[in-house]
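Line order of the protein sequences matches chains A and B. Mapped onto the numbering used here, the consecutive letters of the first sequence carry residue numbers -16 to 185. Mapped onto the numbering used here, the consecutive letters of the second sequence carry residue numbers 121 to 431.
Source of the hints: derived by calculation from the structure; they are not laboratory data. You may find that some hints are simply not true.
Stated by the list, open to error - Chain B regions said to be covered by chain A (calculated; three or more residues, Cβ under 8 Å):
| no. | region |
| --- | --- |
| 1 | 151 to 160 |
| 2 | 226 to 238 |
| 3 | 255 to 267 |
| 4 | 352 to 365 |
Unchecked claim - Taking CB as the label site, the calculated pair distances span:
| no. | chain 1 | residue 1 | chain 2 | residue 2 | range |
| --- | --- | --- | --- | --- | --- |
| 5 | A | Glu85 | B | Pro369 | 55 to 63 Å |
| 6 | A | Gly139 | B | Ser327 | 35 to 43 Å |
| 7 | B | Ala275 | A | Ser51 | 37 to 45 Å |
| 8 | B | Val253 | A | Val50 | 25 to 33 Å |
| 9 | A | Pro150 | B | Ala236 | 51 to 59 Å |
| 10 | A | Ser51 | B | Ala286 | 55 to 63 Å |
| 11 | A | Ser51 | B | Gly290 | 49 to 57 Å |
Glycine included, each C-beta is placed from N, C-alpha and C at the ideal position.
If you want the building blocks of each chain, they are given just below.
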Amino acid sequence: MRVLPCADVGLLVELADLDEVLALYAELVDAPPRGVVDMVPAARTLLLRLDPHRTDAHEVERAVRSVSPRPGARPDAGHLEVPVTYDGEDLAEVGRLTGLGERGVVETHTSQEWTVAFCGFAPGFGYLVGTDDRLHVPRRTTPRTKVPAGAVALAGEFTGVYPRESPGGWQLIGHTTVQPWDLDRDPPALLQPGIRVRFVES
Amino acid sequence: MVSVASEPSPRRVLDVLATGPLTTVQDLGRPGLAALGVGQSGAADAEALRLANRLVGNPEDGAGLEITFGGLEVRGHGGLYVALTGAPCPMTVDGRQVAPYAPEWLPDGATLRLGAPPCGLRSYLAVRGGIDVPPVLGSRATDTLAGLGPSPLGAGDQVPVGVPGAAMPGVDLATVRGPEHGEVRLRVVVGPRDDWFTAAALRALLSEPYEVTAESNRVGMRLAGQALERSRDDELPSEGMVCGALQVPPSGQPTLFLADHPVTGGYPVIAAVVAGDIGLAAQARPGQLLRFTRTTSLEGGRNAHRGTRVD
Chain A
-16 MRVLPCADVG LLVELADLDE VLALYAELVD APPRGVVDMV PAARTLLLRL
34 DPHRTDAHEV ERAVRSVSPR PGARPDAGHL EVPVTYDGED LAEVGRLTGL
84 GERGVVETHT SQEWTVAFCG FAPGFGYLVG TDDRLHVPRR TTPRTKVPAG
134 AVALAGEFTG VYPRESPGGW QLIGHTTVQP WDLDRDPPAL LQPGIRVRFV
184 ES
Chain B
121 MVSVASEPSP RRVLDVLATG PLTTVQDLGR PGLAALGVGQ SGAADAEALR
171 LANRLVGNPE DGAGLEITFG GLEVRGHGGL YVALTGAPCP MTVDGRQVAP
221 YAPEWLPDGA TLRLGAPPCG LRSYLAVRGG IDVPPVLGSR ATDTLAGLGP
271 SPLGAGDQVP VGVPGAAMPG VDLATVRGPE HGEVRLRVVV GPRDDWFTAA
321 ALRALLSEPY EVTAESNRVG MRLAGQALER SRDDELPSEG MVCGALQVPP
371 SGQPTLFLAD HPVTGGYPVI AAVVAGDIGL AAQARPGQLL RFTRTTSLEG
421 GRNAHRGTRV D
C-alpha cells in the first residue's frame, strides 16, 4: 500500500489490484475516518477526499493504515437482476476476440456474479467486475461518438451499462431497459459500489 | 427569526434581462456522492460565495449566482438585499453606481446591471433569502459536466428568491483581497503522480510561468507553458481526481481542475493546488500567468481560509 498526497484535500491510497481496493473500501465505507467527505474507489486506488478544516492528511493516513481489510472482501450493497437483450453491435467481434463465439459470450456474461466496483465517467456509470476473466477484451480502437442509453458493454476487466446517450469506446454486447440513473429515485444510481448483479437474458 | 418589515412582499424573484457569457446558480455543491460518479461542483470560488452570503445574512452554503465576466442584468421584485463579491464588476441599480463587497438594497422593480470586471473572472451575487430553485441531490448547483442542477440562466428566466432567515449582519463593507492582476501565485503539493515525470518537468512546473488559455471553463483551465515530460509512458488506470489537480495529458500541457472536474481521470496528476488557493485560480483569466510554489499538505491546510476575513 502506498499513500500519496492530493494537495491538502485528499489521499490517494494505491493498492496492488482491484480486489485490495474493494476490500479496503468495504472496510471503510460504513465508518470513514473522521473528516473524510468522499471516497472514490477506482481500478487500483481508493481516493479519500478530506475536509482540511476537520482533519489532515497524516491523521487520515494513520486511520487507513490501522484498518486490516479481510482479503477477498467486497462491499455488499444488495443484489440486482438486470435483464439484457444480447444484440450489441460488437457481440460478434467479442465472440471472436474471446474465442467463445456469440452464444459463449452470452453464457459467460449471464453465468457469473458481477460486483459494482466503482462509478465514474458519468453519474451512475458503474464499473462491474466479475469472477471469470474470459470476457476481458480491449476497448474499441475507435470510440463511438454515440452510444445509446441502456447499452450493455465490455472493456478490460469490466462490464457496464451506459446511463445516458454519450460517446463511448466500450464493446457493445446488448441493451437493457433498466435505467441505471434516475434522479427521481433514491439513490439515483442503480449500480452503486457494492451492488451484486446477475445479468439475465431477456 | 421572522423577516424584517421592509421585506414582506409575497413575490420575491429576479427577472433575468441579460446574462453575460455564463451565469449559473451555485452553492457549495454535492459532496459525498463521488462513489456514484457525481462530483461536488458548486461555486468555483467558494470563499467568494460564502462571503457574499455572509454580507446579506444568508447561511454560507446558500445558493447565489456565479457570473462569468460580468454582463448580468436582472430586475428584482419584492425588494431585495444583494451583495456582489469575487470579480468586482462595476454595478448600477437603476443607473446609480453602487459598490461591490457590500450589501445593497434593490428596491421593488429596480434593475441591477453588472459591467465587465477590471480584474478577476467570476463574480458572486448573493440575494438575501437565497436563490430558491429546487435542489437536485441536495444542492442547487449547476454541474456543467454532469448536467445536474438548473440550466445556465438565460434572458427571460425568472429566478425565485427564498425567504430570509437570520437577521442582516450589520456589515457595511467587507475588506478582502480581491482577485489578482498580473501573475497569480498558487501553492501546490507535489504528487500524487510526480514519479511519472522527469526531474526537469517538476523543476519547470515550480519555476516557469504557465499561461491560462481560452480553453478554460468550470471543469478546468487548460494551461500553456513548458511541456511537462513524462518519465514513463505506460497507461495509468483511471483514478479519483481532486479539485485543484494539475493533470497532464500526453501533450505535456497541464489542465488545472476546477469545481466541475470529472470524478475520475486517466492522466497522471503531477501536483495539486491547495484548497485555500483554489479561489485565486478560479479568478485567473485567459492570458494571465500562473506560478506554482511548493508547499506541504499540512501547511496548505493551516492556511485554508486566508484572505476572507470580514471586518
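**Request:** Compare the structure with the hints numbered earlier in the document and write down the numbers of the violated ones, lowest to highest.
**Result:** 2, 5, 7, 8, 9 and 10
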